[in-house]
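Please model the complete structure; the sequences and the hints are all you need to start from.
Protein chains in written order, with this note's numbering: chain F, 150 to 339; chain H, 150 to 339.
Worth flagging that the hints you see were computed from the coordinates, not collected in a lab.
The reader is advised that the hints may include incorrect statements.
Just so you know, same-sequence chains aren't split out, so a pair can sit in one copy or run between any two.
Claimed, not checked - The list that follows gives simulated cross-link-like pairs (lysine-lysine, DSSO-like), each with its CA atoms no further than 30 Å apart:
id, residue 1, residue 2
1, Lys176, Lys201
2, Lys300, Lys157
3, Lys176, Lys309
4, Lys201, Lys270
5, Lys270, Lys226
6, Lys201, Lys151
7, Lys201, Lys213
8, Lys226, Lys175
9, Lys201, Lys157
10, Lys226, Lys201
11, Lys152, Lys300
12, Lys175, Lys307
13, Lys176, Lys270
14, Lys157, Lys307
15, Lys175, Lys213
16, Lys175, Lys201
17, Lys335, Lys152
18, Lys335, Lys191
19, Lys191, Lys151
20, Lys157, Lys176
21, Lys201, Lys307
22, Lys175, Lys338
23, Lys201, Lys335
24, Lys226, Lys157
25, Lys335, Lys309
Computed from a prediction, not measured in an experiment: that's the story for all the values here.
Number of protein chains: 2
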Amino acid sequence: MKKSIGAKTFLYPMPVFIVGTYDDQKKPNIATVAWGGICCSKPPSVTICLRKATYTYGNLTARKAFTISIPPADRVKEADYVGIASGRDTDKFAVTGLTPVASDLVEAPYVQEFPMVLECKVTHVLEIGLHTLFVGEILDIKVDEDHLTDKGIPDITKIKPFSFAMDSMAYYATGPFLAPAFAIGKELKK
Amino acid sequence: MKKSIGAKTFLYPMPVFIVGTYDDQKKPNIATVAWGGICCSKPPSVTICLRKATYTYGNLTARKAFTISIPPADRVKEADYVGIASGRDTDKFAVTGLTPVASDLVEAPYVQEFPMVLECKVTHVLEIGLHTLFVGEILDIKVDEDHLTDKGIPDITKIKPFSFAMDSMAYYATGPFLAPAFAIGKELKK
Numbered sequence: 150m151k152k153s154i155g156a157k158t159f160l161y162p163m164p165v166f167i168v169g170t171y172d173d174q175k176k177p178n179i180a181t182v183a184w185g186g187i188c189c190s191k192p193p194s195v196t197i198c199l200r201k202a203t204y205t206y207g208n209l210t211a212r213k214a215f216t217i218s219i220p221p222a223d224r225v226k227e228a229d230y231v232g233i234a235s236g237r238d239t240d241k242f243a244v245t246g247l248t249p250v251a252s253d254l255v256e257a258p259y260v261q262e263f264p265m266v267l268e269c270k271v272t273h274v275l276e277i278g279l280h281t282l283f284v285g286e287i288l289d290i291k292v293d294e295d296h297l298t299d300k301g302i303p304d305i306t307k308i309k310p311f312s313f314a315m316d317s318m319a320y321y322a323t324g325p326f327l328a329p330a331f332a333i334g335k336e337l338k339k
Numbered sequence: 150m151k152k153s154i155g156a157k158t159f160l161y162p163m164p165v166f167i168v169g170t171y172d173d174q175k176k177p178n179i180a181t182v183a184w185g186g187i188c189c190s191k192p193p194s195v196t197i198c199l200r201k202a203t204y205t206y207g208n209l210t211a212r213k214a215f216t217i218s219i220p221p222a223d224r225v226k227e228a229d230y231v232g233i234a235s236g237r238d239t240d241k242f243a244v245t246g247l248t249p250v251a252s253d254l255v256e257a258p259y260v261q262e263f264p265m266v267l268e269c270k271v272t273h274v275l276e277i278g279l280h281t282l283f284v285g286e287i288l289d290i291k292v293d294e295d296h297l298t299d300k301g302i303p304d305i306t307k308i309k310p311f312s313f314a315m316d317s318m319a320y321y322a323t324g325p326f327l328a329p330a331f332a333i334g335k336e337l338k339k
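Below, the structure written as C-alpha cells:
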C-alpha cells in the first residue's frame, strides 16, 4: 500500500557535482550541486540548477561558463564542505587544499584532484521558481589517464562517484555492477 | 594527467526513471529515462529529457502529465526492457507483467510494483537540440508504507534504486552509506 508523503524533492540517485566558476576578480570558486544531469545528446548538454542567492549563480551568469568535476568517494568531506561554505567569504580551494586548473576551453576552473571533468558553456537559462536551470553545452570531458579503461572510456570502478540522498541527508557509494544495459531487457522480448 | 575524451554525454550517477504516460487511446505506457532529475525546490519540480521520436514525447505533449516510478534493483530486467521497446507497437505493461495504477492527481499511470512514485504536471518545455527538456511540478510522492523509515521518509536501503553508466552501458546498485551530508564537511570549517 502506497502512502502519500507530499510534494517533496526526493529522488534517486541524485548526483554530487562540483561546479567550478570564476568570480569578477577571477577568483576560482567551487560549489556542490546535486540538481542537474545530462539533458541532450546533440549538442551534448548538461543542466545544473541554482538559487539566485548562491555565489556560483552570479559567476555563472556573468561568464556563461562552468565546469563539473566529479568527486571520488574518498573526497566526500571536501565535496560536502564545498556545499556548506560560500565563495563570497571563503576561498574554498584554499580551505580544502584542492587545486584549481584553468580550463583551456571555457572561462572556468576545474579541480585537478578529481578524476573526471566536464567543460561547459551556458546555452540556455530557464527560470523555474526558487531555482534557475542552466543548460551547458559540453565542449569536452577530461579524465585522468589511469582512470580510463583499455577502450578509452571512463572506468567507474576507479572514478568511484557517489550520490546524495536528500531525504536522509546522506552520501552513498556506487555499488556493484547489476546488469548490462540495452541487453538484459531483451530476455523479455518475444 | 588528464586526457581529453571529447564532447560526450558521460556523467555519474545517471538515474533510471520509469516514466508513465497515457496515449491518445488512454493506453498506459512506460519508458525508461536516464536524463532528468530534481530542478527546483519551490515549486518542487523535476526534469525529464526526451527525443521527439519517442512515444512518450507525444503522450506527454498531449496530456501535460507524467509519473516517475523508481525501479528497485531486482527489477532491472523490466526497467531495461521498457527502454528498449516502444509503446507504439507494444503494451509494455503486459509484456513485463507490471500493473498500471491511475494517478488520482494527474492524467498518467504509475507502476504498482515499484516502491516510490512521483506524480507530475508539465510546467515548462525547453527545446535544446535533439532532446526536449520537460519540467514537471511534483504534486505528490507516494511510497510503499513498508519502505518508509520510522520518521516517515523513504528508506533507500529498502527502495534499492540503481543507476545507469552510459559509457560502459551498465547498471550499478546503490552502494553503502559513505557519510552524513551537511555534516562531514564541517570538519574543514575553521
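*Evaluate Lys175 and Lys201 at a C-alpha cut-off of 30 Å and name the case that applies: within, between, both or neither.*
Classified as within: same-chain Cα gap 19 Å, cross-chain 40 Å, threshold 30 Å.
*Indicate which option fits the pair Lys152, Lys300 if close means a Cα-Cα distance not exceeding 30 Å: within, between, both or neither.*
This pair counts as between: shortest inter-copy Cα distance 13 Å, intra-copy 46 Å.
*Have a look at Lys175 and Lys338 and pick one of within, between, both or neither, based on CA distance no larger than 30 Å.*
between (55 Å within a copy, 23 Å between copies)
*Should Lys335 paired with Lys309 be assigned to within, between, both, or neither, using CA atoms and 30 Å as the limit?*
both (29 Å within a copy, 22 Å between copies)
*Under a CA distance limit of 30 Å, which applies to Lys300 and Lys157: within one copy, between copies, both, or neither?*
Between copies only: 15 Å across, 41 Å inside.
*Given a CA cutoff of 30 Å, do Lys201 and Lys307 count as a within-copy pair, a between-copy pair, both, or neither?*
Neither, since 35 Å and 35 Å both go past 30 Å.
*Have a look at Lys270 and Lys226 and pick one of within, between, both or neither, based on CA distance no larger than 30 Å.*
This pair counts as within: shortest intra-copy Cα distance 28 Å, inter-copy 37 Å.
_For Lys226 and Lys157, with the copy left unspecified, which applies at a CA distance of at most 30 Å: within, between, both, or neither?_
both (26 Å within a copy, 28 Å between copies)
*Tell me, please, which holds for Lys157 and Lys176 at an alpha-carbon limit of 30 Å: within, between, both or neither?*
between (35 Å within a copy, 28 Å between copies)
*Intra/inter-copy verdict for Lys201 and Lys270 if alpha-carbon distance must be at most 30 Å*: Both: 19 Å inside a chain and 24 Å across chains, each within 30 Å.
_Intra/inter-copy verdict for Lys201 and Lys157 if alpha-carbon distance must be at most 30 Å_ = both (20 Å within a copy, 29 Å between copies)
*Alpha-carbon proximity between Lys335 and Lys152, which holds within one copy, between copies, both or neither at 30 Å*: For Lys335 and Lys152, neither the intra-copy (33 Å) nor the inter-copy (35 Å) Cα distance is at most 30 Å.
In summary, the numbered hints that this structure violates are 6, 12, 17, 21.
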